[in-house]
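Undergrad: Chain by chain, the residues run as shown.
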Amino acid sequence: MSGAVTGQWQEAMQLDELWEGEMAGVEVGGEKVLLMNVGGDVRAYRNRCPHQAWALDEGDFDGETLTCARHLWVFDARNGTGVNPDNCRLTSFPCKVDEDGTIRVDVG
Amino acid sequence: MTPRRCVLVGGGVAAASAAAHLRKRGFDGDMVLVGEEAAAPYERPPLSKEFLTGPPDLVRPLAPDWYAANGVELRLGVRAVDLDVAGRSVGLSTEERLGYDDLVLATGARPRRLPGFDGEGVHYLRTAADAGRLRAELATARRIAVLGAGFIGCEVAASAIALGTRVTLFEPEPAPLARVLGPAIGAVLMDIHRERDVEIRAGEYVTAVERGGHGFVLTTSRGDRVESDLVVVGVGSVPNVELGQDAGLAVANGGIAVDEYGRTSAPHVYAAGDVAAQHHPGYGTRIRVEHHDTAVRQGANVAANLTGEVTPFEEAHWFWSDQYEHSLQSTGRMGDFGSVVLRGSMAERSFSAFSLVDGRIQGVISLNRPGDVLAVRRMLFTPHEVTAAQLADESLPLKRLMPRTKAAPRAGAR
Numbered sequence: 001m002s003g004a005v006t007g008q009w010q011e012a013m014q015l016d017e018l019w020e021g022e023m024a025g026v027e028v029g030g031e032k033v034l035l036m037n038v039g040g041d042v043r044a045y046r047n048r049c050p051h052q053a054w055a056l057d058e059g060d061f062d063g064e065t066l067t068c069a070r071h072l073w074v075f076d077a078r079n080g081t082g083v084n085p086d087n088c089r090l091t092s093f094p095c096k097v098d099e100d101g102t103i104r105v106d107v108g
Numbered sequence: 001m002t003p004r005r006c007v008l009v010g011g012g013v014a015a016a017s018a019a020a021h022l023r024k025r026g027f028d029g030d031m032v033l034v035g036e037e038a039a040a041p042y043e044r045p046p047l048s049k050e051f052l053t054g055p056p057d058l059v060r061p062l063a064p065d066w067y068a069a070n071g072v073e074l075r076l077g078v079r080a081v082d083l084d085v086a087g088r089s090v091g092l093s094t095e096e097r098l099g100y101d102d103l104v105l106a107t108g109a110r111p112r113r114l115p116g117f118d119g120e121g122v123h124y125l126r127t128a129a130d131a132g133r134l135r136a137e138l139a140t141a142r143r144i145a146v147l148g149a150g151f152i153g154c155e156v157a158a159s160a161i162a163l164g165t166r167v168t169l170f171e172p173e174p175a176p177l178a179r180v181l182g183p184a185i186g187a188v189l190m191d192i193h194r195e196r197d198v199e200i201r202a203g204e205y206v207t208a209v210e211r212g213g214h215g216f217v218l219t220t221s222r223g224d225r226v227e228s229d230l231v232v233v234g235v236g237s238v239p240n241v242e243l244g245q246d247a248g249l250a251v252a253n254g255g256i257a258v259d260e261y262g263r264t265s266a267p268h269v270y271a272a273g274d275v276a277a278q279h280h281p282g283y284g285t286r287i288r289v290e291h292h293d294t295a296v297r298q299g300a301n302v303a304a305n306l307t308g309e310v311t312p313f314e315e316a317h318w319f320w321s322d323q324y325e326h327s328l329q330s331t332g333r334m335g336d337f338g339s340v341v342l343r344g345s346m347a348e349r350s351f352s353a354f355s356l357v358d359g360r361i362q363g364v365i366s367l368n369r370p371g372d373v374l375a376v377r378r379m380l381f382t383p384h385e386v387t388a389a390q391l392a393d394e395s396l397p398l399k400r401l402m403p404r405t406k407a408a409p410r411a412g413a414r
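Chains as they are written, first to last, in the working numbering: chain X, 1 to 108; chain A, 1 to 414.
Just chain X, same shape as in the assembly (with noise of 0.2 Å):
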């Protein structure tokens, strides 16, 4: 269900609002997304962690990695791919940032 680009690309934020190592949770075509800037690079996810649903920007992000606030699963901010434990994996929207600096998400 995601992860397919259906070309539905919808405005989730300014990339001047989201610095470099930083992240925010905001709301997408109904749907909770998490936009992280790893590196100058803007990756959406599901703002669920995998293990039990809550919100993933409560937690912490500390450029590279993230951690989830509530039960410290932590996942690699680049794929999604849990790192702790590591037989998990953030869902990932498509995304990418216009000319303007608009970031936009594809959440299906």
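The hints are simulated quantities; they were obtained by calculation from the structure and are not laboratory data. Computed from a predicted model, the values in this text were never measured in an experiment.
Straight-line Cα separation of at most 30 Å, DSS-like style, residue types lysine-lysine; simulated pairs:
{"#": "1", "chain 1": "X", "residue 1": "Lys32", "chain 2": "X", "residue 2": "Lys96"}
{"#": "2", "chain 1": "A", "residue 1": "Lys49", "chain 2": "X", "residue 2": "Lys32"}
{"#": "3", "chain 1": "X", "residue 1": "Lys32", "chain 2": "A", "residue 2": "Lys399"}
A short, non-exhaustive set of chain A residues, derived as facing chain X with CB atoms under 7 Å:
{"#": "4", "residue": "Pro370"}
{"#": "5", "residue": "Gly371"}
{"#": "6", "residue": "Leu374"}
In this text, a Cβ means the ideal position worked out from N, Cα and C, and glycines have one as well.
Please build the complex by placing chain A on the supplied structure of chain X, with the hints as guidance.
TA: Only chain A this time, still in chain X's reference frame:
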């Protein structure tokens, strides 16, 4: 040549974590996981919470097919009955003997039992089977009595209330979780439960229990009589040291003594999780932690040490407890509850209470501020210097108090 064999005794998350990390680190020998319960390893924390109020699904650290796919033999419903550390073998309840090259004791703990409180309708909560029985009876219970306002008691009370059940919660101490939280935060938690119509009888305990027609009549230390359909006892736990102790392993703090590398007093025998009383380099003393997160991390650490990466276990221990909509978390050690520094508001139920000694944070307890705990956990064993005023100032992000090890990646990406 016979492959090296590692036997994991215990069916909880410490053993599962050790197994997963052993394979991840390239351990290619035999692995056997011996677990007394019928279920493959699962997470216990949800058993007093979501498992009771929602679908009775087990949260598993490893998918059920992971074990076969990774060459880990599961011996479930089997108990390890004796350990021979000289001959390097372990006897099972099936009357087999398993030889080992290395053994990990992760036997966990069991509920402390109250004499006279057992039989039908009296519940202790540790395993999925325990939780399944409690869940089934909660479905028809109108009122329950919970003995002990520790983690299990408070969480079961909150879950029962969510199911529309009346709850009487007995706690001999003046407040719930008083030993862990101190009197002031304990009082906040007491208010939270009382607002949800839990009848908390603090400073009171049950002296006698009689079975009535379809339930119980409890006599309290104040001479009151309280009716309930079922009784849940949550009065602490007892580590399962017997297997190791009978084999001559050194014990300490009620558990199996291990050094910072997870090694017991016998060669090739390690221990992890609730049963392990481990020397912690950060404290310079032995501590035994009965929390999920530590069990997982100690299991991973033992796997590292077993595969040649000699690494002391130096992590901060941390726990959470979800009750109603509230998230309670803590890390580190609190010391004197009388001198904590408060950030946020107890009245608004959004606060962190810090233990600060000579400018260094020793521990924190947070209600509904999990981010604070995360920040403290990162800096607990890193030298730092903060003031009480800084901690109390909510406009100052805690992350900013942490000593910088690298330049902040804050350069704009615009």
